[in-house]
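Residue numbers (our numbering), protein chains in the order written: chain L, 1 to 312; chain P, 1 to 312.
Among the hints, erroneous ones may be present.
[What the hints assert, rightly or not] For the chain P half of the interface with chain L, some residues (derived, Cβ under 10 Å), not all of them:
1. V159
2. G185
3. L186
4. M204
5. A222
6. S263
7. T264
8. L278
9. R284
10. N288
11. F289
12. L300
13. E303
14. R304
15. T305
[What the hints assert, rightly or not] Computed list of chain L residues with no C-beta within reach of chain P, every gap over 10 Å:
16. P14
17. R33
18. I65
19. L276
Calculated from the structure, these hints are not laboratory results.
No residue lacks a Cβ here, since even glycine has one placed at the ideal position from N, Cα and C.
2 protein chains.
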Amino acid sequence: MPRTLTVAGAQTGPIARDESRAAVVRRLIALLREAHAGGARLVVFPELALTTFFPRWWLEDQAEIDAFFEREMPGPDTRPLFEEAARLGVGFYLGYAELVEHGGIARRFNTTVLVDAAGRIIGRYRKVHLPGHRDFLPDRPYQHLEKKYFEPGDLGFPVRRAFDANVGMCICNDRRWPETYRVMGLQDVELVLVGYNTPVPSVMTPQYDHLAAFHNHLSMQAGAYQNSCFVVGVAKAGREEGSDLLAGSCIVAPSGEIIAQASTEGDEVILATCRLDLCAINKRTTFNFAAHRRTEHYGLITERTGALPPPG
Amino acid sequence: MPRTLTVAGAQTGPIARDESRAAVVRRLIALLREAHAGGARLVVFPELALTTFFPRWWLEDQAEIDAFFEREMPGPDTRPLFEEAARLGVGFYLGYAELVEHGGIARRFNTTVLVDAAGRIIGRYRKVHLPGHRDFLPDRPYQHLEKKYFEPGDLGFPVRRAFDANVGMCICNDRRWPETYRVMGLQDVELVLVGYNTPVPSVMTPQYDHLAAFHNHLSMQAGAYQNSCFVVGVAKAGREEGSDLLAGSCIVAPSGEIIAQASTEGDEVILATCRLDLCAINKRTTFNFAAHRRTEHYGLITERTGALPPPG
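With the hints as constraints, model all of the structure from the sequences given.
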């Protein structure tokens, strides 16, 4: 009996700044129901799925900033999503801005939770690779201030045994970094979940705006192939508060092939039945890590953070 | 004045088992001259460019095996290539099977040398990621015995300042491993050179034979994008001793785009003028390693060789 998992990507269209959490959660519940009707046992929502992508704005009033954050998960506004998922018996993966108090200190993370079919949180991830910048850039039409609003994640790249699979968690910019997939690949990951908000035009590299969709897929396809796992990438998409966000949500097979892809920039469910045993093909051969990796030559990856040019 | 380097990929067609070194070197010289006429300052030849791809055969006679190896570089047969390159003022990158004696012990590597425009060897690399297997597989039409005939390289992934660029060296299967590019990326690599022999059908993963060209390009495009460097990938291609070798030699820009590609399975020169300053776009922004890498979460990459599943 082959192991299979039908997974859904629940892409959302834009979320306006004045859209209430309750209204957003109603949209997520509608997507959840559609995914369940399509056979999904696990539904992947975007990064920061409950609000507009606020790091585009330079905000100074801490109360205004914190209004984008959740102090509890589930809270009053998000509980209906948890309850409906448990009623349907569907798991989900949800991104949100997390505000926690540690010893009286407020800490803010770009976070996702993995929720099982009974509505219990069974995994948590805090974004490690925060893109963008900390300071106000006066010559840009908007900002990308994740480094200002969040601190880097402190939970590594977790892989959980859930849904009869090894499930790995990451967020948005993490998907461009091969270290992300490899740390999970070394935990035998079979299914990587990633939500994203990708502004185009980019604040940092407008030269490459025309390649944004290519870079998005290239990174996830290479990560899937090189670690022989499925990748589910889910966007918040469309024109949001005057800024465009990349769509292109997709499900990638361990071959690196895209097996499902969104065709709109709005709320849209994509589905794939992942034949998890396909992961074994390359995990046992081309990417049999135990047989082929040579860690004695990888030292710089952990010893050195930034690049240093060669002598001469 | 922008830094540019016109580089050539000198793909070769098949080399028969009974083709002499002198005959092969004449083919390489013809490609070198064509590349030079096209403006190339650096010419990249394939992996094991002097012989047929002998790891497809199970050989037991050590003298027969060693006939595929070079004991000196340059030697009598290869010296004409070095001399012609120096006469033209062109550098090159050449793969061959290397036999060295260390303290009376014979050691065999799958090796490349980087040669400057004066014909001097300025860099040497020995293949780290040896694919295939050590033992005879009786149910296969041919073998892939690199692990039998070579030992893993002992020189890391070197990057040299040469040709007014930071030039990195790797071979064939190395290109599928993100560690390869990242170790060079941390040395600020701008141009990665890689020759390959890729048998199709594959001994190990016949399920993916129809994707061989896709996987070849996917790996190099991701490596180029994620480290913001050019990659020059050069095949030995075509039907060789009854076995097909993948073509698809290409030059990839730091954007991940293929900017030159071979269109045959034979001896063929591809050319691109690499605008080396393009590397800075993402090295300073999206892939500014110093700003964004989080080495505290990468530990498994060097601590663990093989994959271990998560608890549960």
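Minimum beta-carbon distance criterion (10 Å), P:S263 to chain L: violated, 22 Å
Would you check whether P:L278 satisfies its interface hint, that is, whether its CB is within less than 10 Å of any CB in chain L? Hint holds; P:L278 Cβ to chain L Cβ min 9 Å, cut 10 Å.
Closest C-beta approach of P:T264 to chain L relative to 10 Å, hint status: At 25 Å from the nearest chain L Cβ, P:T264 fails the 10 Å test, so the hint is violated.
Report holds or violated for the interface hint on P:N288, using the least CB-CB distance to chain L and a cut-off of 10 Å. Where the cut-off is 10 Å and the nearest Cβ of chain L is about 8 Å from P:N288, the hint holds.
Quick one, is the P:L186 hint okay against chain L at 10 Å, beta carbons? Since the shortest Cβ distance to chain L is 4 Å, the answer is holds.
Least C-beta distance from L:R33 to chain P larger than 10 Å: The assertion about L:R33 holds, with a minimum of 29 Å to chain P.
So, as I understand it, the hint says P:A222 touches chain L; can you test that by seeing if any CB pair is closer than 10 Å? It holds, given that the least Cβ distance between P:A222 and chain L is near 3 Å, below 10 Å.
Restraint: P:E303 near chain L, CB-CB cut 10 Å. Satisfied or not? holds, 8 Å
When the least beta-carbon distance from P:G185 to chain L is tested against 10 Å, hint result: Cβ of P:G185 sits 6 Å from chain L, so the hint holds.
10 Å Cβ clearance of L:P14 from chain P: holds, 23 Å
Mind checking the CB of P:T305 against every CB in chain L and telling me if the closest is under 10 Å? holds, 5 Å
Less than 10 Å between beta-carbons is the criterion; does P:R304 satisfy it with respect to chain L? holds, 5 Å
Checked against the numbered hints given earlier, the structure breaks hints 6 and 7 and satisfies all the rest.
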